[in-house]
Amino acid sequence: MLNRSFHLEIRTPEQLIYEGDVTSVQAPGVEGNFQILAGHIPFLTALDVGEIRVRESSETSQLMATSGGVFEVLRTGVTVLVETAEWASEIDVSRAESALDRAQTQLTENAPDLNRPRAEAALARAKNRIKVASNL
Amino acid sequence: MATLREIRRRIASIQNIEQVTDAMRVVAAARLRRAQENIIATRPYAEKLNTIIGHLISQMNTEEQALTHPLLETREIKHVCIVSVSGDRGLCGSFNSNVIRTTTQRIAHYQESGADVTLICIGRRGQEHFVRRGYDITDSYINIFRQLEFQTAVDVVHEFEHLYIDKKIDKVEVVYNNFRSAILQTVLVEQLLPLVPEVPEGDTHFLDYVYEPSQIELFEMLLGKHLNMQMWKVLLDSNAAEQAARMAAMENATQKAKELIDELILQRNRARQTQITTEISEIVSGAAALEG
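So the protein sequences, as listed, match chains A and B. Residues in the first sequence are numbered consecutively from 1, following our numbering. Residues in the second sequence are numbered consecutively from 137, following our numbering.
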């Protein structure tokens with residue numbers, strides 16, 4: 001089994017989420033989930049709402065929820081810029097559940113001034129958070 | 137001349153005010169520090185994002201692709217949206233009034249040239265002002281500064297972005313307090329849409345990526361991210377500027393209170409002296425009358 005590692009940096013506008021050497025990272029690309037190992041060619045892609053899994057070695061992995069961003073692979077390492085990211089253990093499940101309820105009520109009530117794309121995006125984010133938190 | 141008791145009461149009440157303003161200054165100073173840390177924390181992300189956008193634009197130019205995107209499209213200006221960023225609270229000098237004044241000037245400017253203006257108000261102070269005067273308000277965001285979240289910036293951008301793409305507005309501007317330093321804040325007016333693409337410098341020998349999805353789709357997505365980031369910076373700046381303005385205002389107030397107290401103490405001593413002198417002369421003249 002290949003065990004070469006590469007440098008990974010995960011940032012949100014608010015803070016640095018992760019920086020370190022990893023052996024692999026899995027991420028939710030807009031055209032499907034993918035995994036990056038050491039030595040990958042330069043690659044630029046957009047991320048969707050979903051989960052990012054970081055492996056520092058073949059035994060340990062860490063999981064986080066993200067709401068989308070950009071994923072860049074260079075020869076020097078990988079940079080992930082996401083608008084939000086939370087480690088599975090740090091997700092506030094009750095908050096995500098109330099956000100889920102709110103979005104669902106908004107969508108079922110279907111008020112005339114409803115901002116449908118925004119409500120749908122909020123719904124997807126909340127569902128993703130709950131899913132990631134339960135997969136701890 | 138005020139009586140001794142009146143002066144004492146005024147001193148006590150001004151001392152209370154001084155305590156309050158001083159406490160507010162300390163709180164503002166702590167919040168300012170946090171706000172400045174937030175600004176610094178956001179820099180690496182912004183720089184990285186700009187590098188990636190730069191890489192992408194340099195690749196696209198070499199392939200002679202014209203940059204066309206709804207958000208880059210310049211149209212005749214008939215409908216303008218102004219995002220006015222004020223604070224939720226007062227007691228911060230001219231922070232809120234400066235934004236409100238500049239916003240009003242911009243509205244007048246556009247109305248003179250025949251365009252209609254709609255507002256997005258961020259911050260309670262500005263929102264209350266413009267609601268009371270019956271301005272056309274598309275959306276407002278209140279009490280967001282206490283716990284500032286990136287999602288708010290995304291929501292604001294989302295609001296005017298789809299109006300722009302649907303051609304309901306032709307220009308988006310933001311009016312906010314720019315945080316230069318703890319003692320200097322200036323009101324800035326910046327154009328958010330249409331986006332003015334910045335041509336990246338150098339770095340043309342950058343090796344190409346593999347793209348997923350296509351270059352153009354990625355570019356569109358990155359423009360959106362870039363816009364979110366600009367709005368986020370505006371919110372962070374305005375927040376830091378508000379705390380700095382409040383800190384300065386409260387420092388002035390505390391200083392003024394101190395001066396006032398010094399002056400009143402002088403008056404109080406004078407009044408007390410007069411009272412003592414009167415009492416002594418009464419006793420002396422009373423004793424003289426008995427001896428006489």
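Hints are computed from structural coordinates only; laboratory data are not their basis. Don't be surprised by glycine CBs; every beta carbon is placed ideally from N, CA and C. Be a bit skeptical, because a hint or two may be false.
As the list claims (entries may be wrong) - Counterexamples of contact, computed for chain A against chain B with all Cβ distances above 10 Å:
hint	residue
1	E14
2	D92
3	S94
4	L114
5	P117
Unchecked claim - Partial list, computed: chain B residues near chain A (C-beta under 10 Å):
hint	residue
6	I280
7	L284
8	A289
9	V290
10	V346
11	N364
12	I412
To be verified - Okay, the calculated bits of chain B under chain A, using three or more residues with CB under 8 Å as the criterion:
hint	region
13	174-182
14	394-405
Hints broken by the structure, by number, lowest first?
1, 5, 6, 12, 14
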